[in-house]
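**Student:** Since the structure of chain A is already known, use the hints to place chain B on it.
Quick mapping for you: the protein sequence lines, in order, are chains A and B.
Per the numbering used here, the first sequence starts with residue 1, numbered consecutively.
Per the numbering used here, the second sequence starts with residue 117, numbered consecutively.
To be clear, the hints were calculated from the coordinates, so they are not data collected in a lab.
Note that the Cβ used here is the ideal one computed from N, Cα and C, for glycine as well.
Among the clues, some could well be false.
Below, simulated DSBU-like cross-link-like pairs (lysine-lysine); rule was C-alpha separation at most 35 Å, straight line [as the list claims (entries may be wrong)]:
no., chain 1, residue 1, chain 2, residue 2
1, A, 103, A, 49
2, A, 103, A, 68
3, B, 125, A, 108
4, B, 125, A, 49
5, B, 125, A, 61
6, A, 108, A, 61
7, A, 108, A, 49
8, A, 61, A, 49
9, A, 49, A, 68
10, A, 49, B, 130
11, A, 103, B, 130
12, B, 125, A, 103
13, A, 108, A, 68
14, A, 61, A, 103
On the chain B side, residues computed to face chain A include the following (Cβ under 10 Å) [to be verified]:
no., residue
15, 130
16, 131
17, 134
18, 151
19, 158
20, 193
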Amino acid sequence: AQSVTQPDIHITVSEGASLELRCNYSYGATPYLFWYVQSPGQGLQLLLKYFSGDTLVQGIKGFEAEFKRSQSSFNLRKPSVHWSDAAEYFCAVGALSGGSNYKLTFGKGTLLTVNP
Amino acid sequence: NAGVTQTPKFQVLKTGQSMTLQCAQDMNHEYMSWYRQDPGMGLRLIHYSVGAGITDQGEVPNGYNVSRSTTEDFPLRLLSAAPSQTSVYFCASSPDRADTQYFGPGTRLTVL
Numbered sequence: 001a002q003s004v005t006q007p008d009i010h011i012t013v014s015e016g017a018s019l020e021l022r023c024n025y026s027y028g029a030t031p032y033l034f035w036y037v038q039s040p041g042q043g044l045q046l047l048l049k050y051f052s053g054d055t056l057v058q059g060i061k062g063f064e065a066e067f068k069r070s071q072s073s074f075n076l077r078k079p080s081v082h083w084s085d086a087a088e089y090f091c092a093v094g095a096l097s098g099g100s101n102y103k104l105t106f107g108k109g110t111l112l113t114v115n116p
Numbered sequence: 117n118a119g120v121t122q123t124p125k126f127q128v129l130k131t132g133q134s135m136t137l138q139c140a141q142d143m144n145h146e147y148m149s150w151y152r153q154d155p156g157m158g159l160r161l162i163h164y165s166v167g168a169g170i171t172d173q174g175e176v177p178n179g180y181n182v183s184r185s186t187t188e189d190f191p192l193r194l195l196s197a198a199p200s201q202t203s204v205y206f207c208a209s210s211p212d213r214a215d216t217q218y219f220g221p222g223t224r225l226t227v228l
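Same shape as in the complex, but just chain A:
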């Protein structure tokens, strides 16, 4: 069974600073990888996803993520954070579990605070 770890519960950055949110997974092969964002009181919205191919994935709102097989990581980055990026970010891993049964597992989330 797969697992996903987001090591940082809470990160604070200044507006205009760069951002990197970490995500590590455990799975025997290459899983499907997702980053979702949740604004306060809202549902989750997909930022980007990786299924195969180019390991650097571009998403919405200026976010990108890089899949590194050797490190079992899929870190989310943004070169310059805006105040509107303050939200909770979830990494998710999708993989086959027990034969043909597909399972999607979410990390516990990283809360991003942006200081003016």
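**Tutor:** Positioned in the frame of chain A, the structure of chain B alone reads:
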């Protein structure tokens, strides 16, 4: 195009009461799922459906029932509410189980 809608937005129940959380989608998605979100726990899958008439259990199914009579609707039933079911519930739909999930706005449930 409304996407995924959930009703109600908020609900307070007493222990032992039953209720149904409604979920509907207008994107003709085959795959639908219910999650609960608790502080520090991320999202945990309760039940899911790969199409009308087909449902299966997720990670935390106890105390919940689902049915899928149409492609559009996927209600979640709490049979006898318990304080441990206090949570925020999200419904999601997807064209395929391995594809992007589209989430509803959530239902915040409190069980006293």
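**Student:** None of the hints should be skipped; say for each whether it holds.
**Tutor:** So, going through the hints one by one against the coordinates:
For the hint linking residue 103 of chain A to residue 49 of chain A, the alpha-carbon distance of about 16 Å falls within 35 Å, and the restraint holds. Proximity of residue 103 of chain A to residue 68 of chain A is assessed by CA-CA distance (about 21 Å); at most 35 Å being required, the pair is judged to hold. The straight-line distance between the Cα atoms of residue 125 of chain B and residue 108 of chain A is roughly 23 Å, inside the 35 Å bound, and the hint therefore holds. Among the hinted pairs, residue 125 of chain B with residue 49 of chain A is consistent with the structure: their alpha-carbon atoms are about 29 Å apart, no more than 35 Å.
Distance check on the hinted pair: residue 125 of chain B and residue 61 of chain A sit about 27 Å apart at the alpha-carbon level, within 35 Å; holds. At roughly 22 Å between alpha-carbon atoms, residue 108 of chain A and residue 61 of chain A fall within 35 Å of each other, so this suggested pair holds. Taking the CA atoms of residue 108 of chain A and residue 49 of chain A, the gap is about 18 Å. The hint holds against a cut of 35 Å. A C-alpha spacing of about 14 Å is found between residue 61 of chain A and residue 49 of chain A, which places the hinted pair at or below 35 Å, so the restraint holds.
Our distance criterion of 35 Å between C-alpha atoms is met by residue 49 of chain A and residue 68 of chain A, whose separation comes to about 14 Å. Note on residue 49 of chain A and residue 130 of chain B: the hinted pairing is violated, with a Cα-Cα distance of about 40 Å set against a maximum of 35 Å. The suggested pairing of residue 103 of chain A with residue 130 of chain B holds, with an alpha-carbon distance near 33 Å, which does not exceed 35 Å. In summary, the hint linking residue 125 of chain B to residue 103 of chain A is supported, as the alpha carbons are separated by about 27 Å, within the 35 Å threshold.
For the suggested pair residue 108 of chain A and residue 68 of chain A, the alpha carbons sit about 21 Å apart, so the restraint of at most 35 Å is met. At most 35 Å may separate the alpha-carbon atoms for a hinted pair to count; residue 61 of chain A and residue 103 of chain A meet this at roughly 27 Å. Interface hint at residue 130 of chain B: violated, since its Cβ lies 25 Å from the closest Cβ of chain A, which is beyond the 10 Å cut-off. Hint on residue 131 of chain B is violated. Least Cβ distance to chain A is approximately 26 Å, over the 10 Å limit.
Hint status for residue 134 of chain B relative to chain A: violated, with the closest Cβ pair at about 25 Å, above 10 Å. Checking residue 151 of chain B against chain A: minimum C-beta separation of about 8 Å stays under 10 Å; hint holds. For residue 158 of chain B, the suggested interface contact is upheld, since its CB lies about 4 Å from the closest CB of chain A, less than 10 Å. Hint on residue 193 of chain B is violated. Least Cβ distance to chain A is approximately 21 Å, over the 10 Å limit.
Of the numbered hints listed earlier, those contradicted by the structure are 10, 15, 16, 17, 20.
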